[in-house]
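Colleague: Now for the letters of each chain:
Number of protein chains: 2
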Amino acid sequence: MEQHQLAKIDNAVLGWLEEARENVYINLQSALMVSEKANRKDLVTNVDKSNEQYFMRKIHALDPEAQILGEEGFGDAIKNMQGHVWFVDPIDGTLNFVKQHDDFAIMLALYVDGVPTMGWIMDVDKNLTYHGGPNYGVFRNSEKLIIPENLPLSEGLIELSGNRLVHHQFRFEELAEASLGVRVIGSAGMSFIKVIEGKAIAYASKMKPWDFAAAKVLLETLKMPITTIDGKEIDMLSSNTVLGATPAAHSDIVRIELA
Amino acid sequence: MEQHQLAKIDNAVLGWLEEARENVYINLQSALMVSEKANRKDLVTNVDKSNEQYFMRKIHALDPEAQILGEEGFGDAIKNMQGHVWFVDPIDGTLNFVKQHDDFAIMLALYVDGVPTMGWIMDVDKNLTYHGGPNYGVFRNSEKLIIPENLPLSEGLIELSGNRLVHHQFRFEELAEASLGVRVIGSAGMSFIKVIEGKAIAYASKMKPWDFAAAKVLLETLKMPITTIDGKEIDMLSSNTVLGATPAAHSDIVRIELA
Numbered sequence: 001m002e003q004h005q006l007a008k009i010d011n012a013v014l015g016w017l018e019e020a021r022e023n024v025y026i027n028l029q030s031a032l033m034v035s036e037k038a039n040r041k042d043l044v045t046n047v048d049k050s051n052e053q054y055f056m057r058k059i060h061a062l063d064p065e066a067q068i069l070g071e072e073g074f075g076d077a078i079k080n081m082q083g084h085v086w087f088v089d090p091i092d093g094t095l096n097f098v099k100q101h102d103d104f105a106i107m108l109a110l111y112v113d114g115v116p117t118m119g120w121i122m123d124v125d126k127n128l129t130y131h132g133g134p135n136y137g138v139f140r141n142s143e144k145l146i147i148p149e150n151l152p153l154s155e156g157l158i159e160l161s162g163n164r165l166v167h168h169q170f171r172f173e174e175l176a177e178a179s180l181g182v183r184v185i186g187s188a189g190m191s192f193i194k195v196i197e198g199k200a201i202a203y204a205s206k207m208k209p210w211d212f213a214a215a216k217v218l219l220e221t222l223k224m225p226i227t228t229i230d231g232k233e234i235d236m237l238s239s240n241t242v243l244g245a246t247p248a249a250h251s252d253i254v255r256i257e258l259a
Numbered sequence: 001m002e003q004h005q006l007a008k009i010d011n012a013v014l015g016w017l018e019e020a021r022e023n024v025y026i027n028l029q030s031a032l033m034v035s036e037k038a039n040r041k042d043l044v045t046n047v048d049k050s051n052e053q054y055f056m057r058k059i060h061a062l063d064p065e066a067q068i069l070g071e072e073g074f075g076d077a078i079k080n081m082q083g084h085v086w087f088v089d090p091i092d093g094t095l096n097f098v099k100q101h102d103d104f105a106i107m108l109a110l111y112v113d114g115v116p117t118m119g120w121i122m123d124v125d126k127n128l129t130y131h132g133g134p135n136y137g138v139f140r141n142s143e144k145l146i147i148p149e150n151l152p153l154s155e156g157l158i159e160l161s162g163n164r165l166v167h168h169q170f171r172f173e174e175l176a177e178a179s180l181g182v183r184v185i186g187s188a189g190m191s192f193i194k195v196i197e198g199k200a201i202a203y204a205s206k207m208k209p210w211d212f213a214a215a216k217v218l219l220e221t222l223k224m225p226i227t228t229i230d231g232k233e234i235d236m237l238s239s240n241t242v243l244g245a246t247p248a249a250h251s252d253i254v255r256i257e258l259a
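Protein sequence lines correspond, in order, to chains A and B. Those letters in the first sequence? Residues 1 to 259, by full-length UniProt numbering. Those letters in the second sequence? Residues 1 to 259, by full-length UniProt numbering.
By construction, these hints were calculated from the structure, which means they are not laboratory data. Some hints here could point you the wrong way.
Each pair may be met inside one copy or between any two copies, as identical chains are not told apart.
When the alpha-carbon atoms are kept at most 30 Å apart in a straight line, the in silico DSSO-like pairs for lysine-lysine are as follows [as the list claims (entries may be wrong)]: (1) K199 - K41; (2) K199 - K37; (3) K126 - K144; (4) K41 - K223; (5) K126 - K199; (6) K208 - K49; (7) K206 - K41; (8) K206 - K8; (9) K232 - K199; (10) K58 - K79; (11) K79 - K223; (12) K8 - K37; (13) K126 - K58; (14) K37 - K49; (15) K232 - K208; (16) K208 - K223.
This structure is a prediction, so every number in the text was calculated from the model and none was measured.
Next up, chain A with everything else stripped away, as it sits in the complex (with noise of 0.2 Å):
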C-alpha cells in the first residue's frame, strides 16, 4: 500500500482507538461484569466484549473485505493470509485491567497477503499509542521512534511470563540468569512496549496470534527479530512461543534454547 493509504487507515485507528478508551474509563466508573474463560486465571469482562464489537463494526466499513481475527471470537474462523486481515486484542492484560486499572493494551494489526503492513499497541492507562509499518516508521503518538541500541542478553532487563517462569518452561531460568534481571509485567503488548522503547531487550512468552500481530510489525519495522523461540518463523494463525529481541539478544536466546 501506499504512504497515504497507509496514513487514512492510520489516522482511522488511532481516532477508534480514542473512542475504545473512552469506553474503557466510563465502564471503570462502574463495576466491571467479570467472567472467567479456560480458568480462573483467565478473565474477560465486558469491556474485551464491547471493544472487540465495536472495532469489528469499524474494520467492517473501513475495509470491508477483510477477515478479522479476534481475542473474544466475534471475528471470523481465518483459514489462510490471503488478503487483508486484522488481528484484535480489545484489552491485553485483563487481570491487570480488572486488578490494577493499568498495565493493560489494546492492539491491533494489519497484515497484506502476510506481509505485516501495520501495527497498534496502546498503553491505556498512560494514553500512549505505539504505531506504524516498514513502509511508514514507527511512532509513539506523534513522535518517530529510533531503533533502540542493539544490546546482548548479559546488558539487559528481560520481560517474560510469569506463568511460565513459575513453571520452569522454555528455560526462562537460564534466560532470566543471563540477563541482568527478569521482569513480568502481566500484559504482552506492555511487555513488547519495553523492547520497543529499547527499556528491556527482550520479551518472550506463549501466546495467540493478537497478542503478537500488532508488535510483529513494529519490532520488524525497528530491525528487531521476532520468531518463535527457537529462531523459526511465526505462524500467524496459531499458538507461538514468540521472542521479540535487540538483534545480539535474540541470537544469544536461541542459542541457550538450543543448546
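For chain A, the structure is supplied; the task is to place chain B on it using the hints.
Modeller: Same frame as chain A, but now just chain B:
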C-alpha cells in the same frame, strides 16, 4: 509527636523529594556514571550518591540529633533504634533507573524510639508520593488513601523478587501459583506502592532496612501487616525476608511458608 510537628516534617520532606526529583532529571540529560557494587546486577550511579548526600544534609539541618541509615553508606553506623532514626533509599530500583528511566522510587522513613512514625515513597516517573504515618493518615500527593479491600491470596496479584523466584527460594513458586498471577517490577518501593493502592495483595522479597522502612510505616497505617515471611517481627537494623500484605493474604502466605 503531635500533628503539627508531623505536618512540618512532612512538608519539609516533600520539598526535598521535589528537589531530589529535579536532580534525577537534570542528571538524565547527560550520561549516568554507573558502577557495580556486589556484582554486575547490583549497580550504583552518581545520582544514588548525590541524592543520598543531599538528604543527609537536609536531615542534619532539620533534625540534628537524629541517626541516619542510608543505602550508599553516607549515614551513620547505627547500633540501636533509640531517638530519631531516619532511613534513606536515594534511588530504589537502580537497574530500572539506569535501563528504563522509570519504575524506580525514592524512599525515606522516620522512626522515633523504634516506633514507625512517618514514611515517604516517591514514584519518580509518575511524580506521585505516598506519605504519612499512624498519627497522620496515608496520602498519595494530597489525596487521602483508604484501606484496600482485604482480599485473600487466591483473589489477587502478588509482587515478588524476580531473583528469588528464579532461584526457587521462599516457596515463591507456590505463592505465585496460589495467587491470581505473579508480577515482578524490580523495585521494592514500586512493588509496595501496588500493595498500598490495593492493586496487588502482597509483596515479598529479601530486603535491607532502607527497602522496607517507609513501607512498614505506610502499610501498618493502612492496617496491613508487614513482618518477616514467616510472620515474625522485622529487625529494623538488618536484612529480612519481608512480607507486606492484606491481612487475609498475609495469613494465607505465612501458612504456606510454615507448612
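Colleague: Now, for every hint given, state plainly whether the structure supports it.
Modeller: Verification of the hints:
1. K199 - K41: Close inside one copy (28 Å) and across copies (15 Å); limit 30 Å.
2. K199 - K37: Between copies, since 22 Å is at most 30 Å while 32 Å is not.
3. K126 - K144: Answer is both: 17 Å inside a copy and 23 Å across each meet the 30 Å cutoff.
4. K41 - K223: between (34 Å within a copy, 27 Å between copies)
5. K126 - K199: Classified as both: same-chain Cα gap 16 Å, cross-chain 17 Å, threshold 30 Å.
6. K208 - K49: So K208 and K49 pass the 30 Å test inside one copy only (17 Å; across, 45 Å).
7. K206 - K41: Answer is both; intra-copy 16 Å and inter-copy 27 Å each pass.
8. K206 - K8: Answer is neither; intra-copy 33 Å and inter-copy 52 Å both fail.
9. K232 - K199: For K232 and K199, the Cα distance is within 30 Å only inside one copy (25 Å; across copies 37 Å).
10. K58 - K79: within (22 Å within a copy, 67 Å between copies)
11. K79 - K223: within (29 Å within a copy, 55 Å between copies)
12. K8 - K37: Classified as neither; 36 Å inside a copy, 52 Å across copies.
13. K126 - K58: within (24 Å within a copy, 34 Å between copies)
14. K37 - K49: within (13 Å within a copy, 49 Å between copies)
15. K232 - K208: This pair counts as within: shortest intra-copy Cα distance 16 Å, inter-copy 44 Å.
16. K208 - K223: within (22 Å within a copy, 41 Å between copies)
When the structure is compared with the earlier hints, violations turn up for hints 8, 12 and for no others.
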